[in-house]
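Enquirer: Chains as they are written, first to last, in the working numbering: chain A, 2 to 137; chain B, 3 to 517.
Some hints here could point you the wrong way.
[To be verified] Pulled from the structure, derived: some chain B residues nowhere near chain A, Cβ distances all over 12 Å:
1. S99
2. G180
3. Q250
4. T255
[Unchecked claim] Computed spacing ranges between beta-carbons, pair by pair:
5. A/G88 to B/P204: 55 to 61 Å
6. A/G88 to B/M146: 39 to 45 Å
7. B/K51 to A/L34: 20 to 26 Å
8. A/A77 to B/G262: 41 to 47 Å
It is worth saying that the hints were derived from the structure and are not from the lab. Every residue, glycine too, gets a C-beta built ideally from N, C-alpha and C.
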Amino acid sequence: MNAIRRAIVPALAALLLAGCYFGQTAAQFEPALGPRGVSTTITTAVGKDVTGELLEVGDEGLLVDTVPGVALAAYAIIRDGTFAQTGIRIQGGHVPGASTREKLRLLSRFPQGLSPALLKTLLEAHGQTEVTRVGR
Amino acid sequence: MPPGSRAVVVILALALAFPGCVFRHVDVRPVPLNGPSQFVASPVKAHLKDGSTVVFPKGVTIGGGALVGPGTRHDLALTQATRVDSVPLESVAALESFRTAENMGASAVASLLAAAATVVGAAALAVAIFGSCPTVYSGGDEAMVLEAETFSHSIAPLLESRDLDRLHARADASGAVGLEVRNEALETHYINHLQLLEVTHPPGAIVAPDPDNRPLVVRDTRPFREAVDRAGRDVTAVLAQADGFALQADPATLSAAESGDLEDWIDLEVPAEGRKEAAVVLRLKNSLLSTVLFYDVMLASAGPRALSWIGSDLDQISTAVRLGRWVQRRLGLRVSVWRDGAYREVARVPDAGPIAWRDVAVVVPVPPSEPTLRVRLSFTPDLWRIDRVALGPPVGHASPRTIPASVVIGRDGRADPEALASVLRSDARYLQTSPGQRFTVVFDAGRAPADLDRTFLLSSQGYYTEWIRAEWLRADTSGAPFTPSDDAMRTALRRWREVRSSMEDDFERHRIPVL
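Please model the entire structure based on the sequences and the hints provided.
Expert: Below is the structure:
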């Protein structure tokens with residue numbers, strides 16, 4: 002057993018030197034390279050799927066920039082939500098835990114939150130007067 | 003050697019003999035705005051109070067009341083991007099950094115498991131699975147001829163492999179062989195090594211790679227006397243000529259496959275004539291069933307999970323080995339010879355890809371007890387397009403001359419020494435191409451010998467990764483990752499029946515034009 006233990010340190014060193022890497026690096030991570038938030042794909046319980054950029058993580062749901070416009074997917078209707086390159090997943094219509102929400106907040110375009118004035122400007126840029134609520 | 007010492011040796015050998023595996027993820031953290039002055043070396047994003055975002059991809063210095071560093075400021079609607087060198091801290095609402103973090107525990111365990119699993123599964127991983135992959139053309143701008151699709155097997159880094167393709171290209175008057183390599187699909191190609199093999203041989207002989215990618219010389223090839231498929235159709239004439247008119251599965255066989263019977267075959271016969279061995283020479287490519295299987299079943303059906311299946315699952319040895327074993331059983335083409343009352347498998351031809359015809363030569367034994375050589379080619383129904391099957395005495399495996407690339411020319415017509423260095427040898431350097439890109443690689447083959455013919459083969463090594471299509475993400479799917487199974491193949495066959503007639507046209511149309 003001691004021999005095995007003694008072998009682990011040089012083995013780990015060899016692993017690092019040999020250099021075989023799995024997973025993401027910051028240099029490959031889309032949200033780190035551009036202004037957009039993480040890409041999001043949401044399957045809803047109301048038959049409409051939402052795909053787009055995560056704008057804001059709110060108390061009620063996720064604000065997403067989709068092709069039709071800015072949309073809010075309430076947590077209650079999210080059957081399955083995935084976030085590109087992250088492995089984060091929310092499921093089952095539950096409000097995600099504080100830790101998950103904090104991770105998602107940092108991956109959104111507006112982690113600082115969208116003030117009513119900024120939201121109004123953003124909606125105007127999309128030709129909208131109000132946020133589309135998915136499922137209504 | 004004492005047991006303890008043996009353990010040391012084994013563990014060290016495993017770690018050194020196999021690439022060490024380090025798991026990484028991106029750690030996103032808020033950066034305090036009121037902290038001490040500091041330089042953040044990783045990418046940093048600043049979210050400004052007016053809703054704009056500033057990206058500092060190479061990091062930023064925080065201090066003196068400002069963020070200082072080369073960055074790009076994007077307005078709220080992302081319609082304008084302007085370069086900035088500094089941003090006043092008072093305008094910043096939030097700041098976050100993106101760092102690469104490593105999971106050392108998982109890395110060590112994964113590496114040792116990888117070593118063990120590789121010993122068990124190395125053969126299974128040396129397999130082929132579909133896709134589009136780099137395409138290779140010859141002939142110059144006037145009349146480009148599709149020569150090959152390279153390493154179509156290799157859809158993930160772990161499946162990186164070497165491919166050998168017979169070329170019809172000839173050297174020009176100066177002895178140069180120029181090949182254009184294109185990326186014509188929504189993929190990223192990682193090309194590690196390109197080299198030319200030259201085989202000299204008697205006039206009239208054929209050179210083709212065998213299933214182990216060794217060039218085999220065959221002379222006096224001729225069609226089989228009789229070829230009959232599983233449905234009883236006489237397909238002798240269809241398989242006699244290399245004319246581009248390929249054999250397709252009988253509709254009844256295809257229907258039966260959807261409901262469970264996943265075997266089809268072609269039985270070939272020729273008088274044994276006292277031969278001890280013979281070479282079966284095939285000209286074939288995969289049908290687009292392989293593409294349906296890959297795109298519509300393995301990726302699209304997984305929906306958004308396809309991202310992680312390709313991005314991380316296939317980088318796990320266990321997933322790759324499981325996939326490799328299934329591929330061995332259900333894909334490829336098996337060659338069997340009748341002996342002592344039964345067909346016995348003697349070789350397996352890996353998948354070739356659906357784009358370019360591929361020549362393959364398989365040496366089969368001729369049982370001394372049989373007056374007739376009976377060869378069976380078996381495969382999943384309609385997985386292959388077989389243009390020609392011929393037989394000839396094998397001259398033997400060739401000892402080819404290897405010719406390294408002498409220059410790589412970019413699409414601007416200029417030599418690209420960095421690209422050349424990337425493909426010159428099998429190492430850690432890769433030439434990466436994106437959809438629509440192309441380059442020309444030139445090999446200096448010199449003059450041909452006066453009394454012999456010569457055939458060139460392209461040896462290539464690398465892998466490619468698929469771009470996930472938006473429609474796959476939008477698809478109404480179970481979201482479950484692909485599980486290798488016969489049910490998956492039946493699903494692909496059902497889908498294939500629906501789209502087969504139109505898909506070849508669509509496939510051509512969807513190829514990405516090169517610039």
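Enquirer: Under the constraints set out in the numbered hints, which ones does this structure not fulfil?
Expert: 1
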